[in-house]
Amino acid sequence: MQFTFLLEQVVNGLVLGGYYLLIALGLSLIFSVGGIVNLAHGAFYALGAYLSFTIARAFGFGASVVLSPIAVAFLGILFERFLLRRFYAADPILGLLVTFGLAMIAEQFIRIVWGAAPLSVNMPPAFKGSVFLGDFLFSRYRLFLLAVVIAVLAAIWLLLNKASFGRVVRAGIQRPDMVAALGIKLQPYMTAIVMLGVGMAALGGALFAPITIVHPAMGAEVITVAFVVVVIGGLGSFWGVVISALLVGVVRGMTIHFIPAAGEASMYVLMFLVLLFRPRGLLGERIEKFET
Amino acid sequence: MRDWKGSGQQREGIVGIIYNRRRVLKAGAALAGASAFGFPAIVSGQSDKIKIGHLTPLTGFLGALGAYAQLGLRMAEEEINRSGGVMGRPLDVMSEDSVNPATAATKAQRMLDQDGATVLMGEINSASAVTIMQVAARNKRFYMQIGARSDALRNGKNCNRYTFHVDIPSHVMVYAVGKALVRDGMMQGKKFYTLTADYIFGHDLASAAKDFFKENGGQLVGDELVATDVTEFSPYLLKIRQAKPDIVCSNLAGNQVTNLIKQYAEFGLPYPIVGFNLNTADAWAAGEGNLSGTWPTVWHHDLDVPASKTFVTNFVKKYGKPPENHAWIEYISLKIMAQAMEETKSTDTEKLIAYFEKEPQFDILKARKGYFRSWDHQLMQEAYPFTVKPKGQAKDQWDTLQLGAAVPNANESLEVLSVKKEQNTCVM
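Order-wise, the sequence lines are chains A and B. Okay, so the first sequence: first residue is 183 according to my numbering, each after it adds one. Okay, so the second sequence: first residue is 449 according to my numbering, each after it adds one.
Just to be clear, a hint being listed does not mean it is correct.
Unchecked claim - Distance ranges between label pairs, derived from CB positions: (1) A:A447 - B:L668: 32 to 42 Å; (2) A:L340 - B:D694: 47 to 57 Å; (3) A:G311 - B:L668: 21 to 31 Å.
Said to hold, decoys possible - These stretches of chain B come out as covered by chain A in the derived footprint (C-beta under 8 Å, 3 or more residues): (4) 503 to 513; (5) 673 to 683; (6) 704 to 717; (7) 734 to 745.
Rather than coming from a laboratory, the hints here were simulated on the basis of the structure. Even for Gly, the Cβ is constructed at its ideal location relative to N, Cα and C.
Sequences are here, hints too, so could you generate the full structure?
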């Protein structure tokens, strides 16, 4: 009996980890490819949730989950074109400052347009309630969430590893000088990666909106988790982020099971331990200063 | 093998130079830490204005409540100034985001030292209220603590004589709901599982709840502490399912209650859920069809009292939406403060304390007037349990709650719900 409950927490943690993955993967991609830590990533997550609130009122839940990420992805193009592009070659402090400033502007903008009071997105009744798979309890909605995350993950993996788009991106990460020498312009790929990254964050926001409240500071809340996941997984690694997100979800669930008060602290302790023994993160690239 | 062009500080990246990751991370962490500070309002005042320092959380899990609090406060300020101010002088209320307990104390001190505040008012977070109370005591200045509900502030070792408390304390909230549960047969012999916010207010609520359960035949089968930044409750919901209680009970605050309710509805667990703390803004945020059970409130906008209805009408006219209980409580608090200054013809702390300790009665827009009890400085007032209207009966998104009868009953003293002098450990 006891073991089943534990397993249930693990599985639930994996589902939650999938949701973290959606947001952290975008952050990791933008960093791997562009070298900028996008502190505004949470703002796109929040915009995804708010836009889905507005769209759902007019067109329903299904439309909101599809249209909101697309709309934010287009916003991402503008973001990349007019903001990020200037900072690829600059001191990283500037990139951090500009995205941080953007995050604050976005939060106030949300306050002005939608108000400071928290909003509620309604879950479609079809998704409410739980199902039992064997002895495990799952909320129907989270199974749906899990399915979406797996689909997105598979699509991104295929894109990065099987499509020519991915080949160019991976080459650009490793040997940008050679790619340039081969006459391939990397700029459009960068724009596409940013679109993808912020689109995924917005999808996370739209998907999580029915089970959490939508409030202006939600972006700031999620950027911390995303940051921690990316750091644990190792910057620049696709599978590192995947494993790390799932690990963070599971560790959080297990901690709440045994020591509930420490639940939110668990991911920071995990990050501390991982970095102590493996400074590069789980699957990150070697940092030569620390490891010989 | 990869051959990085230049190691250490720089290397060529896909679109330019990528700097050493450690530098990037360090800077990122510093910036993320800097975001913990709020930004002060820039205020300039003339010397004949009466300045009041006000703090309320505008960020964090109580942020939505702080926003409403400021709306109610501003409306009261305007009304007071429009009818001539206090002692012929206009009020200047300086209101800022308290952010967290440490910042609250710093800002309170600054308001007294540099901004010329005569008195302090406000706060919703019990932990921040404690630090502001300490500032008030250290500086020997009056503090009207408006929205924090923890018992420990009034009747425990944190109390001090410079502070007067407006909102109902934890055990009144427990009593308001508990009485309704006893009446509905949901107490005697029932197994309760509680989720408690892991800070002073949550702990107080849990302790008051435990006492109520013990006295009324309820059994506590589980109590989990929840950190105040938890937004995702699925591990707790799984634990609740394992424990199989009769009733699930929330000792949470702010938007944590909303999140719990939404996720509770998402999972569709079969046990009824009640709670000992809920603000109307958080109830509205739960959305249609998610909230159920019995909860307490200090005031609700459809209260059938003429003065209350007038306030609601004016508020809707000014802001386009109905007032939440924190808007109401800030409104009456500023009015009471103004009345006190007017009647004592002074802003002096000692004169104000003496005035309130004489227990004058105030119109708080309820059926019965309120007064501050002299030995613990707590406002004595009615409270109400509420339930959720059945589906389809709500006129709009703000009309989802069904207010119950006031507690205590009309023929009982207002002090019936409160801590008795014998139980009081507060020494002023």
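Evaluation of the provided hints:
At roughly 26 Å, the beta carbons of A447 of chain A and L668 of chain B sit outside the given window of 32 to 42 Å. Evaluation of the 47 to 57 Å hint for L340 of chain A and D694 of chain B yields a pass: the beta carbon distance comes to about 50 Å. In this structure the hint that G311 of chain A and L668 of chain B lie 21 to 31 Å apart at CB holds, the actual value being about 28 Å. Figure legend: the stretch 503 to 513 of chain B, annotated as covered by chain A; annotation consistent (5 residues with Cβ-Cβ distances under 8 Å, at least 3 required).
With 9 residues having a beta carbon nearer than 8 Å to a beta carbon of chain A, the stretch 673 to 683 of chain B meets the requirement of three or more and the stated coverage holds. As drawn, the stretch 704 to 717 of chain B meets chain A at 9 residues by the rule of a beta-carbon pair under 8 Å; at three or more, the given contact holds. Counting residues of the stretch 734 to 745 of chain B whose CB lies closer than 8 Å to any CB of chain A gives 5, which reaches the minimum of 3, so the coverage claim holds.
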